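Peer 1: All chains, please: the whole structure from these sequences, using the hints.
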Amino acid sequence: MSGRERGVLGQLVRVLSLGTLATVYVASLLITYRQLHAKPVLQGVIGAPDWTRAVLVMGLVIGGGLGAAAAIVDERRELPSWFLTAVGVGAALAWSLWASSSLGEDYVHMLFAAAAPVTGLLVWAELMRQFRNQRRPLAAA
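To convert, take the position in the sequence shown, counting from 1, and add 3; that gives this note's numbering.
Read the hints as simulated data drawn from the structure, not as lab findings. Here the structure is a predicted model, which means the values were calculated and not measured. Keep in mind that the hints are not guaranteed to be accurate.
Claimed, not checked - So the derived label-pair ranges between C-beta atoms look like this:
(1) L69 x W101: 23 to 29 Å
(2) E78 x A41: 36 to 42 Å
(3) D109 x L21: 32 to 38 Å
(4) A89 x G10: 32 to 38 Å
(5) V29 x R80: 23 to 29 Å
(6) L19 x D109: 34 to 40 Å
(7) V16 x A97: 32 to 38 Å
(8) G22 x R79: 25 to 31 Å
(9) V29 x T55: 19 to 25 Å
(10) Q133 x G66: 18 to 24 Å
(11) T55 x G93: 18 to 24 Å
(12) T55 x D109: 28 to 34 Å
Glycine is no exception: its CB is placed at the ideal position from the N, C-alpha and C atoms.
Peer 2: Quick look at the structure:
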């Protein structure tokens, strides 16, 4: 395989990988938001509509993730943005597990409730790793 063919194949695989990761990330965000919005476990604790609490938690995840991307572009520390993302994922995870357990669901249901926020975090980390690697100049051969 020539270098040109390998380069085209590499680009195709990279595009497919990024497209797949982006799709999984968006799906995990939608599932997590839906779980947080559908199970009003904090009803009466915080005097706000259920969707606002879900937006606040998901806002940490999305805002922190975009902050990490901006930090990569600006070549500055990503840690504060990753901290916000982790806090949002932790809140979504706790909320999902608490809602599942309070509804009397078994451990399998709890595992599936926890899968969406964890998957979103892992996929975002991989997207950012690929993004960071694209920003680095290739070493001279």
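Peer 1: Would you mind marking each hint as holding or not holding in the structure?
Peer 2: Here is how each hint holds up against the structure:
For the pair L69 and W101, the supplied restraint of 23 to 29 Å holds, since their beta-carbon distance comes to about 27 Å. Distance hint check for E78 and A41: the Cβ-Cβ separation is about 40 Å, which falls inside the suggested range of 36 to 42 Å. Between D109 and L21, the C-beta spacing of about 36 Å keeps the proposed range 32 to 38 Å intact. Range check, A89 to G10: Cβ separation about 36 Å, and the 32 to 38 Å hint holds.
Range check, V29 to R80: Cβ separation about 26 Å, and the 23 to 29 Å hint holds. One distance hint, 34 to 40 Å for the beta-carbon pair L19 and D109, holds here, with the actual separation near 37 Å. For V16 and A97, the Cβ-Cβ distance of about 37 Å falls inside the hinted range of 32 to 38 Å, so the restraint holds. At roughly 28 Å, the beta carbons of G22 and R79 sit within the given window of 25 to 31 Å.
Taking the beta carbon of each, V29 and T55 are about 21 Å apart, inside 19 to 25 Å as hinted. In this structure, Q133 and G66 meet the distance hint of 18 to 24 Å, their C-beta atoms being roughly 21 Å apart. The supplied range of 18 to 24 Å is met by T55 and G93, whose beta-carbon atoms lie about 19 Å from each other. The given range of 28 to 34 Å is respected by T55 and D109, whose C-beta atoms sit roughly 30 Å from each other.
Consistency note: the structure conflicts with none of the earlier hints.
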